[in-house]
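Please build the complex by placing chain B with the ligands on the supplied structure of chain A, with the hints as guidance.
Chains A and B are the protein sequences, given in the same order. Counting from 1, position 143 in the first sequence corresponds to residue 143 in the working numbering; the numbering is continuous, with no gaps. Counting from 1, position 286 in the second sequence corresponds to residue 286 in the working numbering; the numbering is continuous, with no gaps.
It cannot be assumed that every hint is accurate.
[Unchecked claim] Computed from the model, here is a short list of chain B residues facing chain A with C-beta under 8 Å:
(1) N69
(2) G71
(3) I147
(4) G150
(5) G154
(6) A228
[Said to hold, decoys possible] These stretches of chain B come out as covered by chain A in the derived footprint (C-beta under 8 Å, 3 or more residues):
(7) 29 to 39
(8) 166 to 174
The set of hints was computed from the structure by calculation and includes no laboratory data. All C-beta atoms, glycine included, are put in the ideal place defined by N, C-alpha and C.
Number of protein chains: 2
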Amino acid sequence: MAPSSSPLRSTTSETDEKYANVKWEELGFALTPVDYMYVAKCKQGESFSQGKIVPYGDISISPCSPILNYGQGLFEGLKAYRTEDDRIRIFRPDQNALRMQTGAERLCMTPPSLEHFVEAVKQTVLANKKWVPPPGKGTLYIRPLLIGSGVILGVAPAPEYTFLIYASPVGDYHKVSSGLNLKVDHTSHRAHSGGTGGVKSCTNYSPVVKSLFEAKSAGFSDVLFLDAATGRNIEELTACNIFILKGNIVSTPPTSGTILPGVTRRSISELARDIGYQVEERDVSVDELLEAEEVFCTGTAVVVKAVETVTFHDKKVKYRTGEAALSTKLHSMLTNIQMGVVEDKKGWMVEIDSCQG
Amino acid sequence: MAPSSSPLRSTTSETDEKYANVKWEELGFALTPVDYMYVAKCKQGESFSQGKIVPYGDISISPCSPILNYGQGLFEGLKAYRTEDDRIRIFRPDQNALRMQTGAERLCMTPPSLEHFVEAVKQTVLANKKWVPPPGKGTLYIRPLLIGSGVILGVAPAPEYTFLIYASPVGDYHKVSSGLNLKVDHTSHRAHSGGTGGVKSCTNYSPVVKSLFEAKSAGFSDVLFLDAATGRNIEELTACNIFILKGNIVSTPPTSGTILPGVTRRSISELARDIGYQVEERDVSVDELLEAEEVFCTGTAVVVKAVETVTFHDKKVKYRTGEAALSTKLHSMLTNIQMGVVEDKKGWMVEIDSCQG
Ligand SMILES: Cc1ncc(COP(=O)(O)O)c(C=O)c1O
Ligand SMILES: Cc1ncc(COP(=O)(O)O)c(C=O)c1O
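So here's chain A without its partners, still in its complex pose (with noise of 0.2 Å):
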């Protein structure tokens, strides 16, 4: 390893050293492998036994398998901060516990307890701690994933099920500064009613991959897509939610099935209302988003963004961003308890310290 005169490599030269040797200021969003991952597997009507931590690397699963074949998976994603006083701690991680409960049940998979999902993650944290960035330089991305391996055939449920957990570090999703433009997207739709839009299914993000494509191509940040039922109103991004503001009133489409439930996008909500917003979780028309004062969006890995411009067909509208922007504030709001500027009165925070390694 090279000499580094930053204080943010290596502090010592011992293997213990605290931080892995990475460029942090260079972080977007992409892998940066670390150090160990998280493995468990469970059989069909059988339930999760500890798993373990081993050496971050390929897995090895059957060409037969579902998760393969059929798309019999689902993902998480949350965050590990770096507090100044050091500390690491992840947001929330029992909302991602009990979410991927509810996309096992979904797609008919065995789950881990949420106990046993919070732990991993803590372990799995713990285990590559010096690759979770200096605070202010980025987070650690933790991705949980539950697939459907074993072999089978036909289309049913899995005979098996992995648990794994990887994680790398991250800075921001989006390159943009002051905030996302939108294409709306009037021809495709992410979800339909009985699909699996509300739950975190592997299924529905590569069917959204050419839309995102072709949005990116044009210049675009990313796609808002609308309801496949009536066309009419909107949903989410190709992975994260949105909400829009007029006057005292913040309204966000509601979790009914074709979204899914971000955990981003309840915090915010809960942080609007205590500064005195009214969150309405609702129908939203295209109309009414053209005519927003504030658009912007929610989620792990974007965190709280300011939407610049929305374009529908020819029309395209611009929104306040910025320090005037309430998006500007909930953003300070929620990093603030993230990063541990300010206290945490609602219990967000997990320690990560606390857990047995």
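Okay, now just chain B with the ligands, sitting in the frame of chain A:
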């Protein structure tokens, strides 16, 4: 290996015995691992070079691959048949190759060329020749997969693709002899407009496992889905297409993006026309279904299978099955071509011995 008196087992004691040691009579639709599989890889933006035949077994893949996280995968299904005079042939592999290309376009993946696909299927069959069941005992089911491999953290096209083919001797897909008992699912849908229902994406299958599982638990053979847009028209089953017969008219839903364009569907339409039926591809309402004289399903796995009953809410309708049914006639017309009992005047069958191996 236990000695066997059956001429269908090891005809010689050499290692190049004609047949693998399989209890052919007991074959169902489950995986019997064969000796070899085919694997080829390709980087994004490049095209597939020739892959190779390798021993069948687990593959190694990154936890951070698009197939495991985002369901970026397509599969195909076709069969190899052994004729009485011991030729081994596959059915319309070009159709599967083309369908994989359409799917790859939809999921932003790089597919193998038509020639590569067909050649790879041939090589896979040739390498596993002794696993092709004796005539009348079953077929070798061939499963090509195209999956997003490589490493990518955010939702985007994969940096690498893996084209893999595995195979298994199979018998009947459904155990019922007389006909299928279908349940119409009037709450969840399989596909929506602008989605992936028209391609063989892995993302279309795990979402229907729950509906299928519930129907099977209630004694049904399979589920029939309705269109998500109106809920009034029939679409298809979890893994096969549907036809209805009334008078001289055979009708089947159109391939307008929400149902899979089945190779068997297309072939059966042609055979039905050949014997004087009028075949219509058009919206078919549930009402029409309930008033049909005959209903049947088509697919590589099910071949042509009569539907004995359809249950819609509390209504249960019974249809003609058995010797007098058109589906029985079409089944034998098709299998006679596949098994070489009649001459293949359509050029559907491809001999595998003619390839380089
Ligand atoms: C489709 C979709 N919507 C919304 C979100 C936001 O959810 P959360 O705030 O829990 O990260 C995500 C995931 O991050 C997502 O994939
Ligand atoms: C959803 C679905 N419909 C129909 C079919 C039938 O297609 P084919 O006749 O090409 O096998 C399949 C696959 O076999 C399928 O998965």
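Hint by hint, here is what the structure shows:
{"no.": "1", "hint": "N69", "result": "holds, 5 Å"}
{"no.": "2", "hint": "G71", "result": "holds, 4 Å"}
{"no.": "3", "hint": "I147", "result": "holds, 6 Å"}
{"no.": "4", "hint": "G150", "result": "violated, 10 Å"}
{"no.": "5", "hint": "G154", "result": "holds, 5 Å"}
{"no.": "6", "hint": "A228", "result": "holds, 5 Å"}
{"no.": "7", "hint": "29 to 39", "result": "holds (count 4)"}
{"no.": "8", "hint": "166 to 174", "result": "holds (count 4)"}
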